[in-house]
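Residues per chain, in single letters:
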Amino acid sequence: MKKSVLLGALSVAGVAAGVASAGTLDDVKARGKLNCGVTTGLVGFAAPDANGEWKGFDVDVCRAVAAAVLGDGSAVEFVPTTGKTRFTALASGEIDLLARNTTWTFSRDVDLKFEFVGVNYYDGQGFLVPKELGVSSAKELDGATVCIQTGTTTELNLADFFRSNNISYEPVPIETNAEGQQQYLAGACDAYTTDASGLASTRATFEDPSAHVILPEIISKEPLAPLVRHGDNEWGDVVRWTLNALIAAEELNVTSANVGELAAGTENPEINRLLGTEGTLGEMLGLDADWAQKAITAGGNYGEIFAKNIGETTPIGLARGLNAQWTDGGLLYAPPFR
Amino acid sequence: MSDQNNKPAVAFVREQPIPASPPPTSASGPVRWLQENLFPTWGNALLTVISLYVIYVVLSSSLPWILGGVWNTSSLAECREVLDGRSAACFSVLRERWNQLMFGFKYPPEFYWRPILAFFLMLVAAAPVLFPDLPRKMLVFTGLYPFVAFWLIWGGTILSPLLALAGCVLGYLAYSKWVSRSFAAGFFGGIAVAFVVWWLGGLLIPEGASDNAMLPAVASRDLGGFMLNMMLGVTCVSLSVPLGIALALGRQSDLPIVKGICVIFIEFIRGVPLITLLFVASVMLAYLFPPDATVDLFLRVVIMITMFSAAYIAEVIRGGLAALPKGQKEAADSLGLDYAQAMRLIILPQALKISIPGIVNVAVGLFKDTTLVSVISMFDIVGMIRGPILASTEWNGVYWELFLFAAVLFFVVCYSISQYSQWLERRLETDHR
Amino acid sequence: MTTISDPPTEQFRLSMLLNDTRYRSATFQAIAVILLVASIAYLGSNLAKNLREAGLDISFGFLSTPAGYDINQTLIPYNNQDTNLRAALVGILNTLLVSFLACATATILGVFAGVLRLSQNWLVRKLMSFYVEIFRNIPVLIWILIIYGIMTVSMPGPRDFRGENASASMLLDAVAVTNRGVYIPAPVWGPGSMVVVAVFVLSVIGVFAYRRYATKLLYDTGRLLPTTWPSIAIFFVPTLLAFFVMGSPIGLDYPALKGFNFQGGIKIGAPLIALWFALSVYTGAFIAENVRAGIQAVSKGQTEAAAALGLRPGRIMNLVVLPQALRVIIPPLISQYLNITKNSSLAILVGYADITATLGGITMNQTGRAIECVVLLMLFYLVISLCISLVMNVYNSTTRLKER
Numbered sequence: 001m002k003k004s005v006l007l008g009a010l011s012v013a014g015v016a017a018g019v020a021s022a023g024t025l026d027d028v029k030a031r032g033k034l035n036c037g038v039t040t041g042l043v044g045f046a047a048p049d050a051n052g053e054w055k056g057f058d059v060d061v062c063r064a065v066a067a068a069v070l071g072d073g074s075a076v077e078f079v080p081t082t083g084k085t086r087f088t089a090l091a092s093g094e095i096d097l098l099a100r101n102t103t104w105t106f107s108r109d110v111d112l113k114f115e116f117v118g119v120n121y122y123d124g125q126g127f128l129v130p131k132e133l134g135v136s137s138a139k140e141l142d143g144a145t146v147c148i149q150t151g152t153t154t155e156l157n158l159a160d161f162f163r164s165n166n167i168s169y170e171p172v173p174i175e176t177n178a179e180g181q182q183q184y185l186a187g188a189c190d191a192y193t194t195d196a197s198g199l200a201s202t203r204a205t206f207e208d209p210s211a212h213v214i215l216p217e218i219i220s221k222e223p224l225a226p227l228v229r230h231g232d233n234e235w236g237d238v239v240r241w242t243l244n245a246l247i248a249a250e251e252l253n254v255t256s257a258n259v260g261e262l263a264a265g266t267e268n269p270e271i272n273r274l275l276g277t278e279g280t281l282g283e284m285l286g287l288d289a290d291w292a293q294k295a296i297t298a299g300g301n302y303g304e305i306f307a308k309n310i311g312e313t314t315p316i317g318l319a320r321g322l323n324a325q326w327t328d329g330g331l332l333y334a335p336p337f338r
Numbered sequence: 001m002s003d004q005n006n007k008p009a010v011a012f013v014r015e016q017p018i019p020a021s022p023p024p025t026s027a028s029g030p031v032r033w034l035q036e037n038l039f040p041t042w043g044n045a046l047l048t049v050i051s052l053y054v055i056y057v058v059l060s061s062s063l064p065w066i067l068g069g070v071w072n073t074s075s076l077a078e079c080r081e082v083l084d085g086r087s088a089a090c091f092s093v094l095r096e097r098w099n100q101l102m103f104g105f106k107y108p109p110e111f112y113w114r115p116i117l118a119f120f121l122m123l124v125a126a127a128p129v130l131f132p133d134l135p136r137k138m139l140v141f142t143g144l145y146p147f148v149a150f151w152l153i154w155g156g157t158i159l160s161p162l163l164a165l166a167g168c169v170l171g172y173l174a175y176s177k178w179v180s181r182s183f184a185a186g187f188f189g190g191i192a193v194a195f196v197v198w199w200l201g202g203l204l205i206p207e208g209a210s211d212n213a214m215l216p217a218v219a220s221r222d223l224g225g226f227m228l229n230m231m232l233g234v235t236c237v238s239l240s241v242p243l244g245i246a247l248a249l250g251r252q253s254d255l256p257i258v259k260g261i262c263v264i265f266i267e268f269i270r271g272v273p274l275i276t277l278l279f280v281a282s283v284m285l286a287y288l289f290p291p292d293a294t295v296d297l298f299l300r301v302v303i304m305i306t307m308f309s310a311a312y313i314a315e316v317i318r319g320g321l322a323a324l325p326k327g328q329k330e331a332a333d334s335l336g337l338d339y340a341q342a343m344r345l346i347i348l349p350q351a352l353k354i355s356i357p358g359i360v361n362v363a364v365g366l367f368k369d370t371t372l373v374s375v376i377s378m379f380d381i382v383g384m385i386r387g388p389i390l391a392s393t394e395w396n397g398v399y400w401e402l403f404l405f406a407a408v409l410f411f412v413v414c415y416s417i418s419q420y421s422q423w424l425e426r427r428l429e430t431d432h433r
Numbered sequence: 001m002t003t004i005s006d007p008p009t010e011q012f013r014l015s016m017l018l019n020d021t022r023y024r025s026a027t028f029q030a031i032a033v034i035l036l037v038a039s040i041a042y043l044g045s046n047l048a049k050n051l052r053e054a055g056l057d058i059s060f061g062f063l064s065t066p067a068g069y070d071i072n073q074t075l076i077p078y079n080n081q082d083t084n085l086r087a088a089l090v091g092i093l094n095t096l097l098v099s100f101l102a103c104a105t106a107t108i109l110g111v112f113a114g115v116l117r118l119s120q121n122w123l124v125r126k127l128m129s130f131y132v133e134i135f136r137n138i139p140v141l142i143w144i145l146i147i148y149g150i151m152t153v154s155m156p157g158p159r160d161f162r163g164e165n166a167s168a169s170m171l172l173d174a175v176a177v178t179n180r181g182v183y184i185p186a187p188v189w190g191p192g193s194m195v196v197v198a199v200f201v202l203s204v205i206g207v208f209a210y211r212r213y214a215t216k217l218l219y220d221t222g223r224l225l226p227t228t229w230p231s232i233a234i235f236f237v238p239t240l241l242a243f244f245v246m247g248s249p250i251g252l253d254y255p256a257l258k259g260f261n262f263q264g265g266i267k268i269g270a271p272l273i274a275l276w277f278a279l280s281v282y283t284g285a286f287i288a289e290n291v292r293a294g295i296q297a298v299s300k301g302q303t304e305a306a307a308a309l310g311l312r313p314g315r316i317m318n319l320v321v322l323p324q325a326l327r328v329i330i331p332p333l334i335s336q337y338l339n340i341t342k343n344s345s346l347a348i349l350v351g352y353a354d355i356t357a358t359l360g361g362i363t364m365n366q367t368g369r370a371i372e373c374v375v376l377l378m379l380f381y382l383v384i385s386l387c388i389s390l391v392m393n394v395y396n397s398t399t400r401l402k403e404r
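Protein chains in written order, with the numbering used here: chain A, 1 to 338; chain B, 1 to 433; chain C, 1 to 404.
Bear in mind the hints are in silico, worked out from the structure with no lab data behind them. Keep in mind that the hints are not guaranteed to be accurate.
[Unchecked claim] Far from chain A, by Cβ distances over 12 Å, these chain B residues were calculated:
(1) A126
(2) L139
(3) L144
(4) R221
(5) G387
[Claimed, not checked] Here are a few chain A residues that face chain C, going by a calculated C-beta distance under 7 Å:
(6) D26
(7) D27
(8) A30
(9) K113
(10) K139
(11) G143
(12) T145
(13) E170
(14) P171
(15) Q183
(16) G187
(17) A200
(18) A204
(19) A264
Just so it is clear, CB atoms sit at the ideal spot from N, CA and C, and this is done for glycine as well.
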């Protein structure tokens with residue numbers, strides 16, 4: 001820290017004690033803040049609101065981790081990253097955790113040396129087309145001009161889809177959602193493609209949302225997952241199990257409203273273990289016994305986070321779909337807490 | 001004709017001159033002006049008509065849109081309601097997001113006075129540099145300004161800027177003590193003293209000194225909006241002028257290795273677009289710093305932009321050096337001045353004076369280029385527009401109003417700087433005659 | 001050594017390294033080398049250490065793996081199974097294409113505006129200085145975004161061409177201007193078309209030869225041959241004759257609305273047009289200033305002397321002022337060309353697939369090989385600008401030779 005003060009005096013309070021080698025968990029605790037990489041602005045997932053507060057689904061994951069580790073859901077420094085800068089930011093230790101709707105792929109996991117800690121949103125790439133075009137399936141898009149919001153693996157999926165169906169298209173890559181939307185509405189492209197969640201939130205802001213349809217085809221699997229650096233398993237476990245705790249909490253009906261009450265002790269041993277009244281799960285992670293309780297209190301369980309940010313009552317209006325609990329026919333399945 | 005008054009013998013002398021009679025209307029007044037300036041020949045008349053038509057087309061399509069603008073709604077949907085199908089601007093977004101456009105979305109609103117104060121102090125600090133007529137004593141404030149501004153904008157413990165200032169002052173004292181022996185001794189000695197002071201001081205400042213400071217600390221990640229453009233522009237230009245002078249002198253020097261390094265540096269930086277240098281700042285520089293320290297993005301960007309503008313300023317100054325007659329250097333040599341003295345006392349003052357308009361041009365270009373940081377996820381004014389504002393549910397779809405606003409802001413600043421530069425050029429020209 | 005005139009042998013003192021001009025330059029150079037080597041070693045070791053800790057390596061193997069994405073405007077055949085290297089090559093060609101186009105139009109626009117800024121017509125003068133000021137003082141990034149936005153919104157989409165009473169129609173049934181791009185007819189080369197092309201090339205050479213001959217004749221004998229009409233005749237007549245003699249071998253493939261888009265013809269994509277246009281008008285404003293400064297640098301006596309000789313204003317400009325002004329104009333003009341090339345990297349904003357958008361954009365994004373991509377990117381721009389600098393130096397040395 002001394003070094004940081006010196007350089008701070010020299011320049012602009014620039015150098016902060018970093019990470020990379022030492023345990024990330026210890027670093028975060030020493031720093032008292034979690035550095036969390038998010039997108040530069042995607043409403044529902046991570047975007048600053050009119051007051052400059054970061055809001056969204058990914059943001060709440062960051063807050064839950066911060067609450068679990070530091071006991072304070074607001075002890076997060078949000079670092080906006082672009083598609084280009086996100087991996088470097090994580091690899092170089094600028095951020096401890098990247099929660100930026102990043103698709104879990106083989107090469108990112110293995111080649112780029114990152115560790116995806118579990119899926120927080122099952123997405124898939126879809127198409128948005130104007131109703132007047134009379135298109136009912138993506139396979140009818142032969143020769144169409146398609147606006148792509150670059151970012152995750154969108155370009156590659158699109159190329160694969162059109163190639164496997166042996167039809168042609170013209171790609172128009174677009175940097176931001178706002179520009180993609182402008183192009184699409186002006187008719188400069190016939191279809192707009194990005195993750196289905198993004199399409200829904202985009203359509204919600206149109207002047208006349210009913211004039212546009214999202215085609216039934218979902219052309220890719222986009223498991224969006226938070227990720228950490230490879231090789232720091234202790235920290236990876238903390239993030240993984242915080243995410244699992246949020247999911248398990250929904251399954252066990254532990255909400256931010258009743259978590260205080262349940263933490264006093266219940267009949268259900270799994271809830272007790274989760275909330276730290278039984279067993280030593282927190283200690284094993286290197287955290288306090290009530291780590292999960294704090295994480296759930298910060299923003300609610302998975303279901304609450306979903307409903308608050310992107311659920312059907314929000315302007316984005318996404319149904320749970322694949323992101324329902326396994327008991328409701330979805331894919332969310334937290335490993336047991338024992 | 002006053003001398004005629006002395007001859008009393010003449011019977012009639014008109015005491016006052018006859019008032020000039022107005023010229024015929026065909027040779028003066030608006031008609032004549034029109035004829036001379038708008039319709040001197042057939043070709044010119046055609047050009048005038050075409051120009052008038054162009055002006056008409058542009059104004060008739062844009063004026064109603066601008067004048068009919070809506071200023072007080074809270075979202076685009078409301079705007080559309082108020083406009084009721086009419087095509088007009090929805091300027092409400094500027095009103096509602098004014099603070100975000102100016103300061104970014106993270107700067108604490110209760111501290112907005114700090115950057116504003118820093119801005120006005122900057123005008124005061126810049127005045128003696130820009131206008132040579134002002135009293136030279138004001139330069140003391142200019143020297144203090146960087147530390148004051150740093151403290152105002154970033155806050156935190158006042159010890160940091162004080163320490164930095166102390167280092168500079170002691171370094172300068174050391175320099176002035178040793179410079180009589182030789183310039184090099186003074187120069188390097190001064191730098192060494194400053195570093196020692198900073199290093200010792202860095203050990204002395206207690207950890208957590210920023211926690212309860214008079215001005216709470218603001219992280220540089222929280223800076224944004226037009227303020228970020230201004231800060232990047234001002235910081236990088238002022239840092240790059242000394243660096244540029246050093247590079248220009250290095251490029252002109254007789255030392256082959258120093259010259260080679262400077263040439264390679266300048267040509268490399270000038271050969272690549274700023275955007276790739278910003279990519280370096282955002283994705284590569286993090287790997288080049290020691291593993292146990294992360295330097296925040298703002299500082300990395302400042303480093304790269306400073307290097308960028310230093311290379312351009314070096315070329316401008318090199319032009320200024322080349323424009324000086326060779327006799328100046330020879331005269332300095334024959335007086336027995338050594339290299340440092342000749343440069344400091346004879347060459348640089350003249351060369352810099354010639355280069356000022358060029359430097360100002362580089363500064364304007366650089367200030368415009370600060371918008372590029374929006375590409376690497378910094379929220380300057382363009383980044384704010386393309387990011388949080390256009391992505392928000394309320395203002396999704398407002399496009400022209402925001403970019404028009406950004407354009408106007410830049411125009412006002414850059415145009416006034418370039419007008420200043422022209423004024424200075426004229427002034428310097430008269431000085432030379 | 002003992003003669004009196006010999007100076008006393010000086011003891012070498014350490015301070016002489018700094019104070020004695022004989023050693024000082026060596027000292028400074030040594031310091032410079034040490035600093036340079038030290039900083040390179042420091043940065044290099046940091047890089048190596050950081051990469052080792054992150055478990056990464058520097059490898060350019062990704063260049064030979066399939067890129068996997070499509071590009072909308074390519075000058076060479078490309079599909080998504082081609083390698084990242086080929087995608088980068090497509091990007092390089094696209095960069096060169098838009099830079100070349102923008103350089104050409106910016107020059108025309110700049111010369112035009114620069115000359116008009118000195119026009120005696122007050123309105124035109126003011127209008128041109130308005131143009132110059134407004135483009136010079138607003139960042140090119142904002143201009144690119146605004147112009148792309150205007151193009152998208154104001155031009156008709158292909159849908160508007162459809163139906164009985166379509167709101168948009170094609171120009172001469174051959175050119176379609178849409179917000180996705182401009183579609184123009186593409187030539188179709190039939191058998192015998194090479195003859196026509198050969199005749200065309202020959203007639204172009206013929207025009208030059210004739211003009212040269214006319215000039216030579218003028219200088220040798222003072223006879224003034226007409227040049228305009230014969231040039232036009234040489235340019236068109238043989239080619240047209242060959243075209244009809246060979247039985248119209250070159251046809252045109254007209255674009256037509258099929259499905260979602262216009263098919264056939266040549267498409268010039270909207271991103272290309274927007275970038276081209278934005279770079280042209282932006283740099284044109286700078287070139288206009290260079291041209292104006294160049295013209296004003298020609299002393300007024302030249303104009304007056306030419307006028308005294310009875311030359312008309314147009315000829316004064318063409319024969320007397322511009323040739324002299326060019327010497328002042330060309331060096332900054334070439335550095336403006338360099339700026340265009342560098343500013344074309346902003347293509348990333350409009351989705352034009354230049355090198356920054358392919359190699360430095362999607363490839364970097366998808367492979368995560370940031371360091372490698374950035375290094376290659378800088379290398380490419382460096383090569384381009386060195387080439388342009390070379391041209392500039394050659395030009396400078398040739399004009400210097402002519403100076404008396």
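So, going through the hints one by one against the coordinates:
no.: 1; hint: A126; in the structure: 20 Å, holds
no.: 2; hint: L139; in the structure: 23 Å, holds
no.: 3; hint: L144; in the structure: 16 Å, holds
no.: 4; hint: R221; in the structure: 7 Å, violated
no.: 5; hint: G387; in the structure: 4 Å, violated
no.: 6; hint: D26; in the structure: 16 Å, violated
no.: 7; hint: D27; in the structure: 14 Å, violated
no.: 8; hint: A30; in the structure: 19 Å, violated
no.: 9; hint: K113; in the structure: 4 Å, holds
no.: 10; hint: K139; in the structure: 13 Å, violated
no.: 11; hint: G143; in the structure: 4 Å, holds
no.: 12; hint: T145; in the structure: 6 Å, holds
no.: 13; hint: E170; in the structure: 5 Å, holds
no.: 14; hint: P171; in the structure: 5 Å, holds
no.: 15; hint: Q183; in the structure: 6 Å, holds
no.: 16; hint: G187; in the structure: 3 Å, holds
no.: 17; hint: A200; in the structure: 23 Å, violated
no.: 18; hint: A204; in the structure: 22 Å, violated
no.: 19; hint: A264; in the structure: 44 Å, violated
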